[in-house]
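Chain order of the listed sequences is A and B.
Going by the working numbering, 337 is the number at position 337 of the first sequence; the sequence numbering is gapless.
Going by the working numbering, 717 is the number at position 306 of the second sequence; the sequence numbering is gapless.
All clues given are correct.
DSSO-like cross-link-like pairs, simulated, lysine-lysine; straight-line CA separation at most 27 Å:
id : chain 1 : residue 1 : chain 2 : residue 2
1  : A       : K20       : A       : K7
2  : A       : K339      : A       : K409
3  : A       : K7        : A       : K339
4  : A       : K158      : A       : K185
5  : B       : K670      : A       : K409
6  : A       : K316      : A       : K78
7  : A       : K158      : A       : K114
8  : A       : K158      : A       : K242
9  : B       : K416      : A       : K20
10 : A       : K205      : A       : K185
11 : A       : K158      : A       : K205
12 : A       : K339      : B       : K416
13 : A       : K188      : A       : K242
14 : A       : K316      : B       : K416
15 : B       : K416      : A       : K78
16 : A       : K242      : A       : K114
17 : A       : K158      : A       : K188
18 : A       : K7        : B       : K416
Some chain A residues flagged as far from chain B (calculated, every beta-carbon gap over 10 Å):
id : residue
19 : E14
20 : K78
21 : F110
22 : G140
23 : S143
24 : K158
25 : N228
26 : R255
27 : L274
28 : G291
29 : Q347
30 : E355
31 : Y364
32 : L365
It should be emphasised that the hints constitute simulated quantities derived from the structure, not laboratory data.
A virtual CB, placed ideally from N, CA and C, is assigned to each residue, including glycine.
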Amino acid sequence: MSDSERKDTAEQAEFRRYCKAWIADNHPGEPTVRLPLSPLEIMTPEQMAYLQSWQKSAYDAGLVGCDYPKEVGGGGRKDCQRVANEELVAARTPYYPNVIGLGMAAPTVFHHGKEALKQQLLPRLFSGEDIWCQGFSEPGAGSDLANVQTFAEPKGDKWIINGHKVWTSLAHFAEWMIILLRTDKGHKYEGLSYFVVPIASALGKGVTVKPLIKMTGETGFNEVLFENLEVDDSFRLDELGKGWQVAMTTLLHERGAGELVTPRAGGLKSESSLSISSRNVMDLATKTPRGAQQASDDPLLRDRMVRQLIREEALKEHQRRSRVPALIDHPMRLPLQNKLLASEIAQDTAALALEVEGPAASLYLADENAPARGQWPLAYMNSYGMTIAAGTSEIQRNILGERVLGLAKSK
Amino acid sequence: MAQPKNYGFEEEAGMLKDGARRFFAEKLPVDQLHALVADAYVPERAPEVKWRKELWDEMVALGWTSLAVPESAGGVGMPWVAVAALLEENGRAAFPSPLLTTLQATAVLSHCGQAGEAALAEVAGGCAATIAVMDPAGSAVPGAVKVVDGKLMGTASFVQDAGKCDSVLVVATDEGEPTLFWVKLASDGVEVRQDAIIDLTRDQARVSFDGVAADRIETHGAAAWDAALPTLWMLLSADMVGAAEWLLQTTVEYAQQRKQFDRSLGFFQAVKHDLVNVMIAIDESKSLLYSAACAIDHEPERARELAHMAKSSASDTAAFAAGRTVQMHGGIGFTWECYVHLYFKRQKHSQLLWGDAAWHRAALAALLLDGPSAAAAA
Ligand SMILES: Cc1cc2nc3c(=O)[nH]c(=O)nc-3n(C[C@H](O)[C@H](O)[C@H](O)COP(=O)(O)OP(=O)(O)OC[C@H]3O[C@@H](n4cnc5c(N)ncnc54)[C@H](O)[C@@H]3O)c2cc1C
Chain A
1 MSDSERKDTA EQAEFRRYCK AWIADNHPGE PTVRLPLSPL EIMTPEQMAY
51 LQSWQKSAYD AGLVGCDYPK EVGGGGRKDC QRVANEELVA ARTPYYPNVI
101 GLGMAAPTVF HHGKEALKQQ LLPRLFSGED IWCQGFSEPG AGSDLANVQT
151 FAEPKGDKWI INGHKVWTSL AHFAEWMIIL LRTDKGHKYE GLSYFVVPIA
201 SALGKGVTVK PLIKMTGETG FNEVLFENLE VDDSFRLDEL GKGWQVAMTT
251 LLHERGAGEL VTPRAGGLKS ESSLSISSRN VMDLATKTPR GAQQASDDPL
301 LRDRMVRQLI REEALKEHQR RSRVPALIDH PMRLPLQNKL LASEIAQDTA
351 ALALEVEGPA ASLYLADENA PARGQWPLAY MNSYGMTIAA GTSEIQRNIL
401 GERVLGLAKS K
Chain B
412 MAQPKNYGFE EEAGMLKDGA RRFFAEKLPV DQLHALVADA YVPERAPEVK
462 WRKELWDEMV ALGWTSLAVP ESAGGVGMPW VAVAALLEEN GRAAFPSPLL
512 TTLQATAVLS HCGQAGEAAL AEVAGGCAAT IAVMDPAGSA VPGAVKVVDG
562 KLMGTASFVQ DAGKCDSVLV VATDEGEPTL FWVKLASDGV EVRQDAIIDL
612 TRDQARVSFD GVAADRIETH GAAAWDAALP TLWMLLSADM VGAAEWLLQT
662 TVEYAQQRKQ FDRSLGFFQA VKHDLVNVMI AIDESKSLLY SAACAIDHEP
712 ERARELAHMA KSSASDTAAF AAGRTVQMHG GIGFTWECYV HLYFKRQKHS
762 QLLWGDAAWH RAALAALLLD GPSAAAAA
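The shape of chain A in the complex, shown without the other chains (with noise of 0.2 Å):
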C-alpha cells in the first residue's frame, strides 16, 4: 500500500481501484513516436496526434479535469485529480500535451469566465483536442510582466488586437490562448484586461506564429503577432481593467501553488524518457570508467551526488510536510518553493550528469556513441528554460521573500 492510500477517503479508494484498472487495461506501452523531454519541445505533429489521442482516451475514462463539476466537462469529483495522477505517475504513462491548457488556461477560465464560455472551452481543452497557449511576455515585457503593450482597442462590442508576444510554448499547435492585454495606455496595472482568443483559426488573419528555435536546436516556442484581429467581448475573462487580478490566478496555478490540481499524467517518467534524478546519476557514474576506477569511486563525486540525493529528497518530502499545518509557520512558504526548487534540483543534477560522463557528453542526439541517447546535455540546456520560464528564479526568490518572510516590496 503506498503512503497516499492509507489515508484515502471512500471516494477516492474507490476511485484509485478504478484508474489502477483503466490503466492496466489502456497503458500505450513504449511510445511509438520518439517524445521529447517535456510536452513544451514537442515539434512534430506525429507526436502530437500521437500524445493528443492519449490524452483524449484518458479524459474519455475520466482521468483529465476530474475535480472540476460535470457541466463544464470535468468529473465532478473532490480532491481525485491528486489520485489519478499518482496513478499515472506510478504506471510511467505519456504526459498529456495540453499543459498549459490544463495547469494554466482551465483554472483561469474556470475562475473568472462567464458560465457559457466555460462551457464552451472547458471540455475540448480537457480532452486534448484543443490545444492552448499563454501569451504573457513580450520582447520588453517578461519578468515585469505589467509592462505589456499588447493592446486592444474598441470597437461596439468587439476588440482590435495588435501587438507582439513572444517564447509563447506551443502557440503553433494551440488552437486557443490566454492572454494578457493593455485596454488602458494611462494605468500600468488597472490598464490590463485578460482575453481568451481563437488563434488557429485566426491564422493569415491577423495572427501570425513564427517558430523560434530554442538553443537545443529543438522548436517548441514561438513569436506571435497580432496585426487589427478582431475578437468578441465574450471572450474577455472577468471586468475589463481586472487583468491583473486574472493573471494572478494564472501564476498561481503555473508556479505550482493553485488549489485546483493539474491533471499532470506520468510525464516525465515516461518508459522512453529520462528521469533527471541524482539516483540515476548515480547509476551512471557506477557504469562510467574514470582512469582505473569508475567514476562513483570519487570521493569528490560522491560528496556531490550526495548532496544532490539529499535535496531531492527534501524537495520530495515537502509535499507531506505542507500538508501538515502544525509543523509550516505560512501556508505558502513551502508550495511557492516547488518550482523554484524543482527547477534548480534538476539543473545541478543534470550539470553533474555530464560531469560524471566527461566528455562523451559533448556527443548529442544524434551521435551513436552518446551515453544515454544524448539525453543528459540535453536535459542540462533545457533546464535553463525552467529557471527561466514561469517566473525566473530570481523573480521567485522575490515573491518568496516578500510574501512570505514580509520583506518591503522591490516594486
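Use these hints to put chain B with the ligand onto chain A, whose structure you have.
Structure of chain B with the ligand alone, referenced to chain A:
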C-alpha cells in the same frame, strides 16, 4: 512498512510542540538566557555550568523525560516525530538543559529490550542522562573506555551537558565488544573535567573512569548502539533546525526594522535573496528531519539513510543560517551583547558533533554505492 502521510504527527504531538514553544518563551526568553549564560563571562576563567535547574524540574514534571520511554518501562511511548518537535522548540530557545542528551540516552536504552528497563524507569522518573563514548578525535566508535578486570577504565571526550546530568550511559568495550553501562556520575572513580567551549548554552566534559564498578546493561551492546545511532543524529538535527528557525526569524525582523539608504534592509535583493536562501535551507533540513523521524517510527530499514541526510543537511543549514545572520546584522551582529552569538556558537557546536555534514555524506555514499557491508567496514 509504509509511512503515514502526516509522519504520524497527530494532534497530541502538535499540542506538545505548541506547549513547549510557550514554555520556553515564557520561562527563558532570549534576554534572560543571555543574562544567565553570557553576562558575567570572562574568556580566561575556568568553565562553569550555567543553567536553571528548577526549570528542568518543571520539564520533568511536564513529563518530557518520559515521553520517549516505552510504555513497558513506565513511560509514555510517544512517537519519535513528537520528540523531534519538542527538541525543535528546545533548539529554537537554545535552552540550556540535559533534555537532548537524556532523550538520546533513552534512544539507546530503548534498543536494549528488558535489559534497559531499569535505567529507562529512572529516566522516566526524571534522571538526567548523557552518553560517554567519544575518543579525543570525536569519533563515536566505542573504545575510549574499556572494561578491565570487570571495571571501567579510560576517558570519554566531548560528553555533552555532563555537568547537568545524574547518570551517564557508557559505551565501553569489553574484549573489543561494545558493552553498555549505566553509571551515576557521582560514583567513586568517576571524574568530570569541564571543557572550556565556545557554546555558552551547553557544557561539555571529559569524563574519566578509574576502575569504576558499574551496572552492566548489555554485554553485546553493539547491535543496540548501532541501531540507536540514526535516532541520536535525528534528535540533534531537530535542535539545530529549531535554532536555525530562530536565526531566520530574528534576522527577518531586523531586516524589516533596520534602515540604510532610506530603505529597510530587506528591500535590497542581496539581503532578500539571502534570507530566502536561508529559509529554503531550513525547509530542506526540516522536511528531512521529519522524514527521518518518521522512518525511525515506521520504516526502520530506511532510518539510517534518512538520518544521514537529516544530520548532513541540518549541519550545513546551521552553519549557513548562523553565518548569514551575523553578516546581515552588520556591526551589531559582531558584538557580545547582540543575542545572535549565542545561537551562532550553539550551531557551530552542533554542526561538529556526532558527525559533520561531509562525514554523513561519505557514510551515505558508502551505503548507497558500495552496499551495506562495505559501509559497516568503513
Ligand atoms: C522555455 C520557455 C518557455 C516559455 N514559455 C512561455 C509561454 O508559453 N508564454 C509566455 O508568455 N512566456 C513564456 N516564456 C517567457 C518567460 O515567461 C520569460 O522569459 C520570463 O518571464 C523572463 O522574462 P525575460 O525573458 O523578459 O527576462 P528579463 O525579465 O529581461 O530578465 C533577465 C534577467 O534579469 C533578472 N531580473 C529581471 N527582473 C528582476 C528583478 N526585479 N529582480 C532580480 N532580477 C531580475 C531575471 O531573473 C533574469 O535573470 C517562456 C520562456 C522560456 C525560457
